[in-house]
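Chains as they are written, first to last, in the numbering used here: chain C, 1 to 272; chain P, 273 to 1013; chain U, 1014 to 1280; chain W, 1281 to 1717.
Heads up, a few of these hints could be off.
Cross-link-like lysine to aspartate or glutamate pairs, in silico, EDC-like; alpha carbons within 20 angstroms at most [stated by the list, open to error]:
{"id": "1", "chain 1": "C", "residue 1": "59", "chain 2": "P", "residue 2": "931"}
{"id": "2", "chain 1": "C", "residue 1": "43", "chain 2": "P", "residue 2": "931"}
{"id": "3", "chain 1": "P", "residue 1": "723", "chain 2": "P", "residue 2": "877"}
{"id": "4", "chain 1": "U", "residue 1": "1079", "chain 2": "U", "residue 2": "1100"}
{"id": "5", "chain 1": "C", "residue 1": "171", "chain 2": "U", "residue 2": "1107"}
{"id": "6", "chain 1": "U", "residue 1": "1280", "chain 2": "C", "residue 2": "140"}
The hints are simulated quantities; they were obtained by calculation from the structure and are not laboratory data.
Everything numeric in this text was worked out from a predicted model, so none of it was measured.
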Amino acid sequence: MKHKNAKKYGMVIDLDKCTGCGSCMVACMAENNVPFRKDESNKVLSITWLRVYQLTNGKPFPNTDICYLPRPCMHCEGQHEGHSPCVSVCPAVATDYNTETGIVSQIYTRCFGCRYCMASCPYHARYFNWWDPVWPDGMEKYLSPNVSPRMRGVVEKCSFCFHRYQLAKEKAFKEGRREIKEDEYQTACTQACPAGAITFGDLNNPNHAVSRMVKPDPKHHGRPTNPNAFRLLERLGTNPKVYYLSSREWVRRAGDNYLENEAKYKKTVHQG
Amino acid sequence: MKIDRRSFLSFLLGGAAGTALSPLPWKLTDDSSIWTQMWPWTPVPEDGEASYVNSSCTLCPGGCGITVRKIDDRAVKIEGMKRHPVNNGGLCSLGLSGLQLLYGPTRVKTPLKRVGKRGRGRWEKISWKDAVSEVAKTLGDLREKGQSHTVGFISGSDRGTVPRLFERFLTVYGSPNLIRTPSIIDSYELALHLMQGAQALPGFDFENANFILSFGSGIVDGWGSPVRMFRANSAWRDTGGKVIQIEPRLSNTAAKSDKWIPINPGTEAALALGIAHIIIKESLYDAEFINNYSEGFEDWKAFVLGEYGPDSVATITGIDSTTIIALARSFARASKPLAICGRGQGTTPGSLNECTAVHALNALVGNINKKGGVFAVAEPDYINWPEVEMDATAAAGMQKNRLDGAGSKKYPFSRYLLNRLPQAINSGKKYPLKALFVAGANPLYTMSDSKAVKKAFDKVPFIVSFSSYMDETAQNADLILPNHNYLERYEDIPTPAGMPQPVIGLSRPVVEPQFNTKHVGDVIILLAKAMGGTLSDAFAWDSYDACLKETMGYKWQVIIEKGFWSYPDFVAGPREESFDTVSGKFEFAPKETGSLKPFKPVKIEGDKTNYPLLLMPYDSIRLANGAMGDPPFVMKSVDDTVLKGTDVFIEINPKTAGEHGLREGQLAMLSTPVGQAKVKVHLFDGIMPGLVALPRGLGHTAYDEYLAGKGINVNELIGPVEDPVSGLDAAWGVRAKLAKA
Amino acid sequence: MSALDNNAKEIAGDAGSDGGATSSPEINTKEQDKGPAGPVILFFIVGLFASLILGWIIFPKLLYSKKKQPIDFNHVMHMAEVEDGCESCHFFREDGTYSGVPKLDQCIDCHEEIQGDSPDEIKFVEEYVSKGREVPWLVYSRQPDCVFFSHVAHVKVAGMDCVTCHGHIGESESLKIYEENRITGYSRDIWGKSIGGFKKNTWDRMKMDDCAECHRKMTANIERTGVKTPTKRLIDHLVDVVSPGTSMSEKGSSVQTERGACFVCHK
Amino acid sequence: MDSALIPRGVKRCPFPQFILFIAIVGAVLLWGVYAMLLCWFKGLNQTNMNDFYGFALWIWADLAVIAVGGGAFFTGLLRYIFGKDDLKNIINYAVLIGFICYSSALLILAIDIGQPLRGWFIFWHANVHSMLTEVAFCLSCYFGVLTIEYIPLVLENRQINKVPFFHHLGHNMHEIMAVFAATGAFLSFFHQGSLGGVAGVLYGRPFAYREGLFIWPWTFFLFTWSAAACGPCFTILVTKITETVTRKKLVKDTAIQLLAKISGWMILTYSIAKTADTWYWATVTVPSLGQTLMDFYSNNPFYGIWILILEIAICGFIPAFILITKKGRKNSAALWIAVFLAVTGVCINRWVMVLQIMAIPVLTFENWVLYLPSWQEIATTILPLAYGVILIAISYRYLPVFPNEPELNPIETLPAEEEEAVEPSVELEQELKPAEA
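Okay, chain C solo, but in the shape it has when bound:
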């Protein structure tokens, strides 16, 4: 159902600007009390809500090209609002889609660790706490009270720094406002990106930078009409709220699966 003033928070990541420096990853970990272990080189066991992938065009020297692609949770909207791949499969309502913000939440204390949501997510944006989170003695001092540390045995993922939305709301309430201003709510990665490659805001607001950058087409579930913009795995119909910009054709093509010699956007059929 539609709410008055409903927001649809989304993100635009300019891959031409992204340098792959990893600041977003670290800002995210620092903001969200993400634990770490002695060896984090096994990436299928490493909790990185936002992971920066390295893409290569596969061409031999000297025509090789690489591109970095930061991948937070896509906060998929699905084919009808809230039918993201993960939300409907959770047997205990531990993950939820909020129609007021468009954010897919994860409630760690409700989650009992069946990992069905992980199996459902094609982006591998969901992470399981295989271990108890342990901070070296004294280091738990930097933990933020605004995000609860997760216990062993539950799934966690990017929340679009929802606690920042909560804090912004509290401030607005204190000042007698019911709504927050656009710039009051930013994710930690957006804020930290030294290249200014990430833009975050309300996709429902046609005047906001995120809308202007990608020009989402509301008739086609927000598919970008900017020819340089794309979403990951567009044709699965997950309808992500994270958009990417790239001036390089091969990068845009890497965002989805295409048959050989296939034109870029073939009309796809989805059932939901």
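Using the hints provided, position chains P, U and W relative to the given structure of chain C.
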């Protein structure tokens, strides 16, 4: 009454029914699940009042402004300071994870004195009083014996009040041996000195440039002030600025650039001169500048035109001549061109010839001290302390030649030559080093040819580390006098690397000192006072904080409020006053440097027959390779094609790997004339065949378990190569061979 | 299993018809039932009551440990001294966050010196104020770490009073014993004093369901589209009990539960 | 020693031999229990699962045991609803196998979740949209039904049956067994289907997402169908194994043959449906998502196209053809091969529908990730196997699982006098013994 089986069964049934009707099972079920939600071993961060403190990051020379979020007295997050002239809100991954250093397990928590053999990691805690008096006694003894010059001091910087305190101390004490850790800045300072007569820092007006010709500089790999470079790079995307990246490997910078031109490693100087050749031949240079403000152009012109035709340059560099010609034209025709050098992060100074050739390119297009160009930025002159009074011992000590040979007849222009120190100590030709102080540096990790460095350090009988962390150097020290962490102390941060206008940042205590540490400035003052005499006189301040406040004078109020001091009305002097050379003009061919000698590539170690490959270290912004190592979060961001478990990957072209019969992920033995190491193979199309690249920043033996013991320190495989003019380390690689392991 | 089985004396396969074959056991049963029927039921009742007593009376005593507050506190006396009611001490910070239990800083103005001669006051000043130590209050209403509760949304926006959730603690002259759940570590006030989970007043319990209960009522009040008949209300209620979230009466922002989205109150 | 407990008319091995056997299997069981405790107390880091393999060996084992346990519901359905009386001779064993399979599945699920103490959230905070919720509810309910179906058999133990209450309870339960069988079949239909749905609804995973052909997710029907088809094969297989181990004929051929024949036709129709589904998926669904069939079966060392051929052709059509032909199923060796292949086939199907889904990268810049289970995972997966063997051994020894056994294995000698003591009800018991009474 007989209790038979049926009665008992009946009792049990009743009990079951009653239990089901009581809250017991249901509440226990609920509570046990709540227990899992509140496991006592999962920490619960305490809530409190949020506040923000502005400070400056000193983890690298970038000088970013930071805003630290606090909850009551805990620092919980570091963010980039909005509207800071360097970083305007952005921050690199190292800066973002600073709290892991502040609260981390690698902190040295109290002064430590070595027990047993050096480097064994056995320590005893000692009091600050004892520690200072022990150092004072050692220094006093040396001074009494007239050996004050045998005391050395390695510092990560020579700018700002803290390094100036070191310098002041050594001067009054009587040792010329203050050594700054090297970087491309050394070469640039020399180039500016020789060509412009300036004792200044190089400043680059990237924000106003629109055509960047980068000779391997990692614009987005941590060169200069990293966050500022990221911002500039993004601004070029918006404004249509172009970046041309010249290097043999597809670095992140190369990938982000508008054009990547692979070049035979080590031949950048030739390419710069080749470009100059075209510009001169086609008269694309800035005649106004050349005619009015330069000297020696004709000689240089003859030299360049004679030796550096596009075809011969093409042979040297491996870049075809049409590309060179096109490159030269687009560079010269761009409205705001800017050429820069310093490979990767500028970790090594490199060849002086190369630096002057690149700088000459900028001069050729009239790009000196001009919007969008290169500036010679004078040190902000806020440190005006009373002159020191030196006693006879000090004067005698200061008369001695520096141990590293900087300023000697051989290398008259260089100020610091840390790369020559191990050799000087190991050869024992000059004089021994009897005591060594290390602050803001980790030479045992960062200096190349680790074995030789270790050997040299072993010969120094007394090593004092001021490190806040248990780094490699601290681990091998005799005494650790731990400095406050950068979030616990005051310190001024003068102009970050590469800034075109002076800025002074302020690092300030964000939290109370967590451990029994002391500001290194305070320790120097205490030490001076303990030694008495002229030393005591030269350090009249009560504390470092008092010293800093006094030094900053009227700026203090502003800097404490804003977090930095900038010179808003700063304008570079007119060109007439820019050059302080003998001629008063820009010198294209400073006679002293022999820059008119034909280009000879830096001779790197190893012979081609035994070592058919070339090993180049590469820099990644996700791997801190200076005095600081990666904190856990940054280690976490390192890709699994760089490090897997404890194995580091070398990058190698699939073609070269094929020739060696190596597959992706295979173990191999990498050998150089300096050392050998077991590595894993990562096939990477973006690297020139015949090359092998290894990342800097791994292979730590100190710090915590999150960093130590992972990968290889590339410095174990590569040694310094002296630049014939500057004496600085010009090595860009080393010959290598690879065998299946 | 091939060894000789010496029990097998009966020849199998002679299973005949089953008609009338059940008579003898039935008789047996009846005989047995008649005799000890009384004691059997008695045992049942004994078991029933024993377990009921265990569950309702002994269990809660075992489950909760009793802790005394470090010092006593008189809300009534303080309320008389301040002008702004609860918010005088339990105030909102600039950024809208709620300060909760006062820190020493707030007390120090009046309690720099010992006020009066109560032993608690003396202890407060000597043990805490003069040493600069915060009082380790045991907070009755402390919610678990996973809960995000916005006081400002409830107090400033919704205009609720403190009593609705916290009860009449402001009218207390001394602090009650703090009871801590030995398993979960929570205050007993979260589950409520009644071990059965029953409540009379809004402030008797502070579990999620209690938040939800009130929210349902409030949403209904705010977004009422038509008056519900008692039957409709009953049906809705039943639907809600049987299958939470499917009731179409008041939709919240959650796609899954159609109540308020989980992230509103969780972090 | 335990002769008083052993059903009449049958021969069992000596007690020490039995104990030795139980001890050996019990050791395996304890090994599994140890691994289980490790997983519970130390967490799932004991496994080799990872963020790509959120579902792995255990979920496969779960799906597989439920599929092969499907023999219980399908045999029950045929026996009680469709009145295939011949199957009365195997229904007890089918129920027992089903009971073992379903209790194992529940146990594995309890180990598999990261927070076992919160496992009940799936019921209390159920999300009705989730396939897994449906699985959990149906699974538990059907486990309840199987327990009810198993209890009468337990009550038929010679000593228990002496207690009149139990005797009557057992008798009355038999009377209403058709109701339970119907309930069981209904529940089974749903949870077998929802297990298929578990994979089929994953529209973010093109390999799992099987749409089209009338209704979605199509895996719902395929799973039910394959369980109904292959479950009885597992029942036959286990019966055959039991017969081999005990060196006795335990079930009449008529029952086996009937079951085999029905299975055969089920497998055949299933294989056709599965082929159609695969065809539709490969030619319509997958290309619409920009991929080709071979994208899922190449570029990795394990999941080649062979797995598809093995699953559908070798383990689908071949056993189907063997079982539908009279000659095929009459031939003992062929029957063995057929039921073995059919069971393998359904297990492979469940394997690919769990593990291959996880292995396949959907993002173009991710790679195949293969997985090897840790010993803890293997031990906990073997644990239900050991438990099943023990339960079968005990049931076989003490319960009249095979009503045909005394008939098929007449005992020549009549020694052992001690049995005289329990005279009065002996005849009655014998009369009541067959479960179909």
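Open item on the list: Output the indices of the hints that this structure fails to meet, ascending.
Closed with: Failing hints, ascending: 2 and 4.
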